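Novice: If you want the building blocks of each chain, they are given just below.
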Amino acid sequence: MNEPANREEMMESVALYALGVLPREEAALIAAFIANDLEARREYLDLRAAADAIAHSADEPVDSATSSRMKERLMARVRAAASGQTAARSRVQAAYPAWIWGTGLATAAAVVFSVVTVAQDVNLRGNLAAAQRRIQVLAAQNSQIERVAAQDRRTLTDLLAPDAKRYEVAAGTVVVRRDRIYFAFSKLPPPPKGHVYQAWTAPKGSTTVAPSVTFSPNADGVAVVALPVDATRVGAVAVSVEPEGGSKAPTTTPTFVKPLT
Amino acid sequence: MDPGVRLMERVAARDVRAFEALYDGYHRLVFGIGLRMLGDPALAEDLTQTVFMKIWTAPEAFRGGSFVAWVSRVARNRALDVLRSKAVHPESEIPADLPLEGALDDDVFSRLDAQRVRDALSALPPEQRALIELGFFGGVTHQELARRTDTPLGTVKTRIRSGLRRMRETLGERVSR
Numbered sequence: 003m004n005e006p007a008n009r010e011e012m013m014e015s016v017a018l019y020a021l022g023v024l025p026r027e028e029a030a031l032i033a034a035f036i037a038n039d040l041e042a043r044r045e046y047l048d049l050r051a052a053a054d055a056i057a058h059s060a061d062e063p064v065d066s067a068t069s070s071r072m073k074e075r076l077m078a079r080v081r082a083a084a085s086g087q088t089a090a091r092s093r094v095q096a097a098y099p100a101w102i103w104g105t106g107l108a109t110a111a112a113v114v115f116s117v118v119t120v121a122q123d124v125n126l127r128g129n130l131a132a133a134q135r136r137i138q139v140l141a142a143q144n145s146q147i148e149r150v151a152a153q154d155r156r157t158l159t160d161l162l163a164p165d166a167k168r169y170e171v172a173a174g175t176v177v178v179r180r181d182r183i184y185f186a187f188s189k190l191p192p193p194p195k196g197h198v199y200q201a202w203t204a205p206k207g208s209t210t211v212a213p214s215v216t217f218s219p220n221a222d223g224v225a226v227v228a229l230p231v232d233a234t235r236v237g238a239v240a241v242s243v244e245p246e247g248g249s250k251a252p253t254t255t256p257t258f259v260k261p262l263t
Numbered sequence: 030m031d032p033g034v035r036l037m038e039r040v041a042a043r044d045v046r047a048f049e050a051l052y053d054g055y056h057r058l059v060f061g062i063g064l065r066m067l068g069d070p071a072l073a074e075d076l077t078q079t080v081f082m083k084i085w086t087a088p089e090a091f092r093g094g095s096f097v098a099w100v101s102r103v104a105r106n107r108a109l110d111v112l113r114s115k116a117v118h119p120e121s122e123i124p125a126d127l128p129l130e131g132a133l134d135d136d137v138f139s140r141l142d143a144q145r146v147r148d149a150l151s152a153l154p155p156e157q158r159a160l161i162e163l164g165f166f167g168g169v170t171h172q173e174l175a176r177r178t179d180t181p182l183g184t185v186k187t188r189i190r191s192g193l194r195r196m197r198e199t200l201g202e203r204v205s206r
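As given, the protein sequences belong to chains A and B, one line each in that order.
According to this note's numbering, the stretch in the first sequence is residues 3 to 263, in order.
According to this note's numbering, the stretch in the second sequence is residues 30 to 206, in order.
If you're looking for bench data, these hints aren't it; they were derived computationally from the structure.
Be careful, since some hints might not be right.
[Said to hold, decoys possible] Computed spacing ranges between beta-carbons, pair by pair:
no., chain 1, residue 1, chain 2, residue 2, range
1, B, P181, A, T210, 52 to 58 Å
2, A, L130, B, R46, 39 to 45 Å
3, A, G207, B, R46, 50 to 56 Å
4, A, K189, B, L182, 20 to 26 Å
5, B, E198, A, P213, 47 to 53 Å
6, B, A90, A, A212, 28 to 34 Å
7, B, A90, A, V139, 25 to 31 Å
8, A, P213, B, T178, 47 to 53 Å
9, A, R156, B, P181, 51 to 57 Å
10, A, K167, B, A87, 24 to 30 Å
11, B, P181, A, A212, 28 to 34 Å
[Unchecked claim] In silico EDC-like cross-links for lysine to aspartate or glutamate, where the CA-CA straight-line distance does not exceed 16 Å:
no., chain 1, residue 1, chain 2, residue 2
12, B, K83, B, E49
13, A, K189, A, E62
14, B, K83, B, E38
15, A, K260, A, E170
16, A, K73, B, D75
17, A, K206, A, D181
18, A, K73, B, D53
19, A, K189, A, D222
20, A, K73, B, E49
[To be verified] One side of the interface only, derived from the structure: several residues of chain B facing chain A at Cβ under 8 Å:
no., residue
21, H56
22, F60
23, G61
24, L112
25, R147
26, F165
Just so it is clear, the structure is predicted and the values come from calculations on it, not from any experiment.
Built from N, CA and C at the ideal position, the CB exists for glycine as well.
Excised from the complex, chain B in its bound form (with noise of 0.2 Å):
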């Protein structure tokens, strides 16, 4: 089982020393997150702390699961609310990312590793990674990955939809439902 679910549930109980452990083992995700998609090391120390605190103080919105799935979502509407109330972003109608329950097993992100997601990654062609990358952290929209990378809209579409299938099979049954 994903330890963070463990841990949650000690946190549900108003354990200080489990949410200690669950910040020891999660905030360099968060702030990692954080940081790829705001770009500026403060705001993602406050997005971390922000995000750690709602852990704290409504522990109940993780209904079981993946924890680290779900953190990571967590952490990323976050930075969407971030970039979207900063304004920094023109495309600010850009969906939050949605929390899918029970779509992933508990533990397949405890299985998964930076590495081998970075790896994975770096196996793509490189017109697929960055239009990927640049979705997933950017947080803009399709037309606007077309219009940043000089792409038609077409292309935008067929190569993160390959992109994300490789993804899909080069990690395997590590991210299988």
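Chain A on its own, in the form it takes in the complex (with noise of 0.2 Å):
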């Protein structure tokens, strides 16, 4: 990654943060950054209001054709779901009718033939077989992929909120949104050869932390952890070093004790 050499660099990759062009390495950077620095979260919000307008050059007349054919389509889909939903409430309090029990017999009798004509065709059945595997694999792979963007997208919303809550610490920041915690670092030093750092919570009007998360900055000491605990019952958050694999109660001083008040 290019790091940014200045302060002015920064702004100017805000820009770019701003536009949606920063691949997400450096986008954690500038996003830390941003968390950190209120001339930069100012700049951001501005510039970002530009960029959101950009989407409006390209509201354009929609040949009628398509328009048509899009609306027809969208709203059958959106009607059956509708009446889906209804019938599905029918359904728990009406019995079938017994001519849909012969209608459901014959189909499901076409159903099974069918089915004993597709085995009969032990190739086509292999093949049918693993190109279901295949598609089960990629939607899974899909289904990943979007789980991840959207926390992604969830993450980096709540660190630049303007409703988020932030607290300075040594090299970073926290920032509470809700019932999330997340630590925002931009400055924090590589670890000890062997240890990583560790988060520590202690729940409201307790002195006892308990172990949370261990996470290192990457090469530009940064790191966007979020913490997997309920913020509204939180009162306190700490980060020590601790050794590989974290510890069960805090092993050294803590980096900085704060608590969310």
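Put the complex together from the two separate chains, hints included.
Specialist: Shown next, in the form of structure tokens:
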């Protein structure tokens, strides 16, 4: 990554971030910078507003045939979904009439016949099974990508949200939004060899800490960490350096302890 | 108030007519973003279907603010997902656009119109406009922008920053927070 040499360069990267053209790793660096810098946050919100407006330039007439086709297709799906919900509710209350059972049996017989026919063609069945497995794998991969992307979006949204609470700590900021807590470090030194940073949380009204996630900054000293806790129940957070794999209780003096007031 | 906000309240209550009105009001924008980013009417059509079906099935995803800004971001994010999944662009590590709740006034976008934004873009120096449009609709990184336009990376950064600031000034209070 090209490490920004100075603040002005970081501010220029804020514009790139607002436009959405930074690669993931640099985006994390700038997100941490913005989260820790009021002027950068203002600049981001200003430029982001301009960047958002650009979408409007794509608002152009769609030819009527395309527009009608899209609407017909969409509304058919929506009405089917809406009536499906109603039908599902009805099914709970009413038994099937006898003629539906007859139709259902006929349909089932047709399906069985089709399955038997297909089963006779071993090669076809093998190909079909392989294709289905492939589809399942691709669907699973796609779901995973979408989950990661959604998590990234939520994290970055929380980090930059105007309504988030921010607590300055050594080398970064603790950001709390709704029931979520994040550490956003931009200048965290690397831990000693064989060690990692570990987060700790203390419930409200208690001084006993519970172990949380371990992490290390990247080469630029950047680390953005989401704590897997309910922020509404946490009274304080801390970070200490621990052996790889983490500890059950802090073994070194914490880098910081921050009450979340 | 952004009319989309009121319609979304009714969509959340499973009002099909409100959903239809929402589609009528905003499908051009969603389709347009898809077409600009994906360059294929069929893909843009699929994207429009996906975006509006998501609106119908998960209206709670909209948490207030400007509906048109939100739906624009949803459309752009979805287009970026498509670009990634199709590996059309090798720079697939580009981050998703960030939905920034509460960043804009409710009706900021409803006061904007396509022609005004196009005029603001046209008022930019060509070299700034080209980078901003390619960056926004092309789904590429700043390094790729530099490579494609044969421009030093530092110049790309400066031009994008200057261009966005100028856009902000040209659009004036219409994009004010």
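Novice: Now, for every hint given, state plainly whether the structure supports it.
Specialist: Right, here's what the structure says about each hint:
1. P181/B x T210/A: 52 to 58 Å: holds, 55 Å
2. L130/A x R46/B: 39 to 45 Å: Since L130/A and R46/B have Cβ atoms about 42 Å apart, the given range 39 to 45 Å holds.
3. G207/A x R46/B: 50 to 56 Å: At roughly 51 Å between Cβ atoms, R46/B and G207/A fall inside 50 to 56 Å, so the hint holds.
4. K189/A x L182/B: 20 to 26 Å: Holds - the Cβ-Cβ distance for K189/A and L182/B, about 23 Å, lies within 20 to 26 Å.
5. E198/B x P213/A: 47 to 53 Å: holds, 51 Å
6. A90/B x A212/A: 28 to 34 Å: holds, 32 Å
7. A90/B x V139/A: 25 to 31 Å: For A90/B and V139/A the Cβ distance comes to about 27 Å; the hint holds.
8. P213/A x T178/B: 47 to 53 Å: This hint holds: roughly 50 Å between Cβ atoms.
9. R156/A x P181/B: 51 to 57 Å: Given a distance of about 35 Å, which is not inside 51 to 57 Å, the answer is violated.
10. K167/A x A87/B: 24 to 30 Å: Once the Cβ atoms are compared, 28 Å apart, the range 24 to 30 Å for A87/B and K167/A holds.
11. P181/B x A212/A: 28 to 34 Å: violated, 50 Å
12. K83/B x E49/B: holds, 14 Å
13. K189/A x E62/A: violated, 45 Å
14. K83/B x E38/B: holds, 15 Å
15. K260/A x E170/A: This hinted pair holds, its Cα atoms lying about 9 Å apart.
16. K73/A x D75/B: holds, 12 Å
17. K206/A x D181/A: holds, 14 Å
18. K73/A x D53/B: Holds, because 8 Å separates the two Cα atoms, which is no more than 16 Å.
19. K189/A x D222/A: Since the Cα atoms of K189/A and D222/A sit roughly 7 Å apart, the hinted pair holds (cutoff 16 Å).
20. K73/A x E49/B: Holds. K73/A to E49/B sits at ~8 Å (cutoff 16 Å).
21. H56: holds, 7 Å
22. F60: Given a least distance of 5 Å, the restraint on F60/B holds.
23. G61: OK, holds: G61/B within 8 Å of chain A, min 3 Å.
24. L112: Result: violated, 12 Å to nearest chain A Cβ.
25. R147: Constraint on R147/B satisfied, holds at 5 Å.
26. F165: This interface hint holds because 5 Å falls under the 8 Å limit.
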